[in-house]
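Peer 1: From these two lone chains plus the hints, build me the complex, please.
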Amino acid sequence: MNSLQQILFLLGKDLRIELRKKESLVSMAFFGALILVILNIAAGIGKQVDADAGAGILWVAIIFSSVLGLGRVFAREKENGCVAALLLSPISPGEIFIAKVLVNFCLMLLSQLVLVPVFYVLFGSNFSAGPIALVPILLLVNLGFSTTGTLISAISAGTRRNEVLLPILLFPLILPLTALAVKATAGALAARPLTELMDQLEPMIAFCLIFSAAGYLLFPFAIRED
Amino acid sequence: MTETNGSAFLSIDGLRKSYGGLEALRGVDLELQRGEFLCLFGPNGAGKSTLLKIIATLLRPSSGRVKVLDYDLDENPQEYRARLGMVSHQSFVYQDLTLLENLEFYAALYGVKDPRQRALALLEQVNLADRYDMPAGHLSRGMQQRLTIARALVNDPALLLLDEPYTGLDEHAAKVLRDQLQLLHDRKRTIIMVTHNLRRGMESATRLGILARGELVYLQEKSAVDHASFEELYFQHLEAV
Chain A
1379 MNSLQQILFL LGKDLRIELR KKESLVSMAF FGALILVILN IAAGIGKQVD
1429 ADAGAGILWV AIIFSSVLGL GRVFAREKEN GCVAALLLSP ISPGEIFIAK
1479 VLVNFCLMLL SQLVLVPVFY VLFGSNFSAG PIALVPILLL VNLGFSTTGT
1529 LISAISAGTR RNEVLLPILL FPLILPLTAL AVKATAGALA ARPLTELMDQ
1579 LEPMIAFCLI FSAAGYLLFP FAIRED
Chain B
3 MTETNGSAFL SIDGLRKSYG GLEALRGVDL ELQRGEFLCL FGPNGAGKST
53 LLKIIATLLR PSSGRVKVLD YDLDENPQEY RARLGMVSHQ SFVYQDLTLL
103 ENLEFYAALY GVKDPRQRAL ALLEQVNLAD RYDMPAGHLS RGMQQRLTIA
153 RALVNDPALL LLDEPYTGLD EHAAKVLRDQ LQLLHDRKRT IIMVTHNLRR
203 GMESATRLGI LARGELVYLQ EKSAVDHASF EELYFQHLEA V
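Those protein sequences? They're chains A and B, same order as listed.
FYI, the numbering used here numbers position 101 of the first sequence as 1479, with every residue one higher than the one before it.
FYI, the numbering used here numbers position 89 of the second sequence as 91, with every residue one higher than the one before it.
So that you can see chain B by itself, here it is in the shape it has in the complex (with noise of 0.2 Å):
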């Protein structure tokens, strides 16, 4: 994805979205600059799921658009796709297949040059690799997770999207994706995440946000946000619910 200077690498503008009669998102407005880690925390129900679909245009809202740099979302979202990558709830990957199977179709979907190589050294990033044969139905909960990574960064995505991406990882995955995350920063790739987990989502962000029924009632940069200040926003907003 190439960029022209000063423009947002993502513009989400008066986003709505109603399932019924029901609002999931009222009027999200939201920019970031390419290579910022939004870490996005909310209670239950607050739209945040919904939110990290229609960015990954799983979902069209009801009104309002998002614009990710020159990428038109509605005609062409293929090319825009390509460089996407996404860890949701669901594992995405095929219980019948090994994990060598799995990453090396979704490399060679994505037109990775050499997919073998690729999910290889993705299997080694996550410390899988001495499973590489092993059906996904097999592994454990953490690994299952280890490996909806793996597959998230297949394309290497330059923007990312995270949904409660700690969900089920013991310590040691928990770093392994934290490692993986600060990585991915460092070369300068675009994440937004979506966690409950306050310590998690704090120690990797760059901007902080709080979104509550369907509004983003709170956006700030991580270096100006006062953590004992937040966490009692946090609260007001979980306790709200």
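Chain A extracted, bound-state conformation (with noise of 0.2 Å):
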């Protein structure tokens, strides 16, 4: 049995039951999506946004709704023990991280397959880059945002007030990576080059490692019951 055999397993038992349930797919693209109708109607309906405008209001959209996909998924290994479970079996916390990791990469990212396009519907008309060109930069701060977010609720999800707690931990670490992104997003909605965005990526790829390693390591202590 290798690790990459116990991952893909893991993996796909969170996929399942979400797929199963849609628990946190339903909330996470709903929310989403009610946020960005709130700040349609907040800007005037109709009326245009610019690329700056229009980056803030995807990246707060896409933010807020990932984050109650974030604290389901451990919430389940917390329910019963299951989390207990997962330890007394052969495979690693390092390997427990990197599928949960993965359950929320896949999560956000069907998520934005219903909050991009909706994003374009409301407030598309003014840009001069379609969605594609957003590709990179949303794959880059899913990878972030799931990494710095699954070891957040692994802590979070041992105290009382998990659901509050999640977010105040979590917000502060993402900020530059979400600062980058809005950055980014309204260089890539003006049609920019994807080399003239490097300033940009470059450090949100060393966010990505950064905080994928630091997950990887702190892990086994974030979710041990000492």
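A few of these clues could be false.
Cβ pair distances, simulated, as ranges [as the list claims (entries may be wrong)]:
hint : chain 1 : residue 1 : chain 2 : residue 2 : range
1    : B       : 65        : A       : 1382      : 34 to 40 Å
2    : A       : 1495      : B       : 172       : 51 to 57 Å
3    : B       : 129       : A       : 1549      : 47 to 53 Å
4    : A       : 1400      : B       : 123       : 31 to 37 Å
5    : A       : 1554      : B       : 33        : 51 to 57 Å
6    : A       : 1538      : B       : 66        : 29 to 35 Å
7    : A       : 1495      : B       : 180       : 57 to 63 Å
8    : A       : 1386      : B       : 81        : 17 to 23 Å
9    : A       : 1457      : B       : 131       : 55 to 61 Å
10   : B       : 92        : A       : 1506      : 51 to 57 Å
11   : B       : 69        : A       : 1557      : 47 to 53 Å
Everything labelled a hint here was simulated from the structure, so no lab data went into it.
Glycine residues also receive a C-beta, built at the ideal position from the N, C-alpha and C atoms.
Peer 2: Given below as structure tokens:
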């Protein structure tokens, strides 16, 4: 039994439950779309927004809605002590971490398949670039958010007020990533070539690498009882 | 798990565990040979569950050590865990997965050769085969406990830890559990069970122990135990709390 197989079993189990219940996906997509509609009303229906404002609006919707899915992934493991069952099994905590990061990554990606088109319908008339231009930025944020969020949700899942603690701990940590993503997205929406966005994309890659390594190393301490 | 002749299967040496200022275990020493079935009794808060969690590597001791054959529980716990089974207060099953999916998932995680076949065989053993496609969340408390027991056996454990396994079981389900334990015991599996149920504990075990206030105050072969005096001793410790 190799590590990759064990990670895939865990990932498959989580995705099977999620696709069956659709708890996280539906709430993430619905909440994100709701935020976009509210911001559309606030900006003035039919009014055009520029690339800078549009980028901010998109990331507010994605980041806030993604927290809903993040909390649920670990809450499910805590129910009936399943996290203890995983710790009792031959799978290492590092492998559990990688599987959970992949689950969160997939959930974010699936919810963005709804949110990005909704964003373009509501705000997109003024943008020079289509949704494809956003793909590298979305993938990087999803990875950075998933690694950081998985670690923080493992810490907060063990507390009584985890739904409050999770965003309070998470948002300050992902602030640099979000700020870079907003700037890069503004550039992408204005149809600037990818090479011109490297000033933002490179530090985003560094963020992902640092938090992936930190999450992998710290996760065993975050999920243990003692 | 292989074993060299003469060495203990499990040895616990001066085990202590503190939660802040509260001492849950105060120097527990214990040795078990392969195939022994130890039943530990004790009042609430005696440290029974803490002891099991430390043996299961879910908790780290404050001091002392647990040795299971030649496994290094700190450096390479994965190999040890692959041959360990545990029934806890919690069911360890996913409510949204069916019974078959739950057992298949755990069997795959443990590297069992044919996870589906193993899952079906276990469901048969605990008399839940006819409900294989039912979500675990729809089961009654007793049926959940039977599923929990099947889950703990998914890797054919060499060491089985049971924390109050008879809780919520009706007479029929209790018999199913007792038969499973007997089967494991016959196959030289080592079992440690923690329970308040004197009758159930005494009918299955080969050794009896009492844990009180974090100390192992009594440990004896069942064959050498006088049931009446053991009961009296146990109730004395219950009343002392």
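Peer 1: Against which earlier hints does the structure fall short, listed by number upward?
Peer 2: 9
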